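**Q** Sequence:
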Amino acid sequence: MPLPKNRSTSVRRIHVRVPKRGSVIHYRRRVKGKKHACALCGGALQAVAARKTPNRAYGGNLCTSCTSRVLITKSRLAGGSMQLSNVDVTMLKYVKQ
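Taking my numbering, the leading residue of the sequence shown gets 32, the next gets one more, and so forth.
Everything labelled a hint here was simulated from the structure, so no lab data went into it. Since the model is a prediction, treat every value here as computed from it, not as a measurement. Fair warning: there could be bad hints in the mix.
In silico lysine-lysine, BS3-like type, Cα no more than 25 angstroms apart, as pairs [what the hints assert, rightly or not]: (1) Lys83 with Lys63; (2) Lys83 with Lys124; (3) Lys63 with Lys36; (4) Lys127 with Lys105; (5) Lys124 with Lys105; (6) Lys65 with Lys124; (7) Lys36 with Lys65; (8) Lys65 with Lys83; (9) Lys124 with Lys66; (10) Lys83 with Lys66.
The whole structure should be built from the sequences, with the hints applied where relevant.
**A** Listed below in structure tokens is the structure:
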């Protein structure tokens, strides 16, 4: 019987062939994935699953506050009230698209 810590499904069971006893089971902890984060501010993204992303501009890459800042900056550039040299360096990638 395995130890209680090894009975969880978060532990991977690896069957290994050994010379004397035939085969044994080795236990390795599964690595948890990282949480999805905003590319600009690093904050956690809401409602982003592994396969589905929000159907909006920059969905799955930027949080809602950073998306609104980028869209406002983009519209100001298009209107001519702002120059590209005044844009924050971290936003340049998203504003130039």
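**Q** Confirm or reject each hint.
**A** Structure-based check of each hint:
{"no.": "1", "hint": "Lys83 with Lys63", "verdict": "holds (19 angstroms)"}
{"no.": "2", "hint": "Lys83 with Lys124", "verdict": "holds (23 angstroms)"}
{"no.": "3", "hint": "Lys63 with Lys36", "verdict": "holds (16 angstroms)"}
{"no.": "4", "hint": "Lys127 with Lys105", "verdict": "holds (8 angstroms)"}
{"no.": "5", "hint": "Lys124 with Lys105", "verdict": "holds (11 angstroms)"}
{"no.": "6", "hint": "Lys65 with Lys124", "verdict": "holds (23 angstroms)"}
{"no.": "7", "hint": "Lys36 with Lys65", "verdict": "holds (23 angstroms)"}
{"no.": "8", "hint": "Lys65 with Lys83", "verdict": "holds (16 angstroms)"}
{"no.": "9", "hint": "Lys124 with Lys66", "verdict": "holds (22 angstroms)"}
{"no.": "10", "hint": "Lys83 with Lys66", "verdict": "holds (14 angstroms)"}
Violation of the numbered hints given earlier is absent; every hint is satisfied by the structure.
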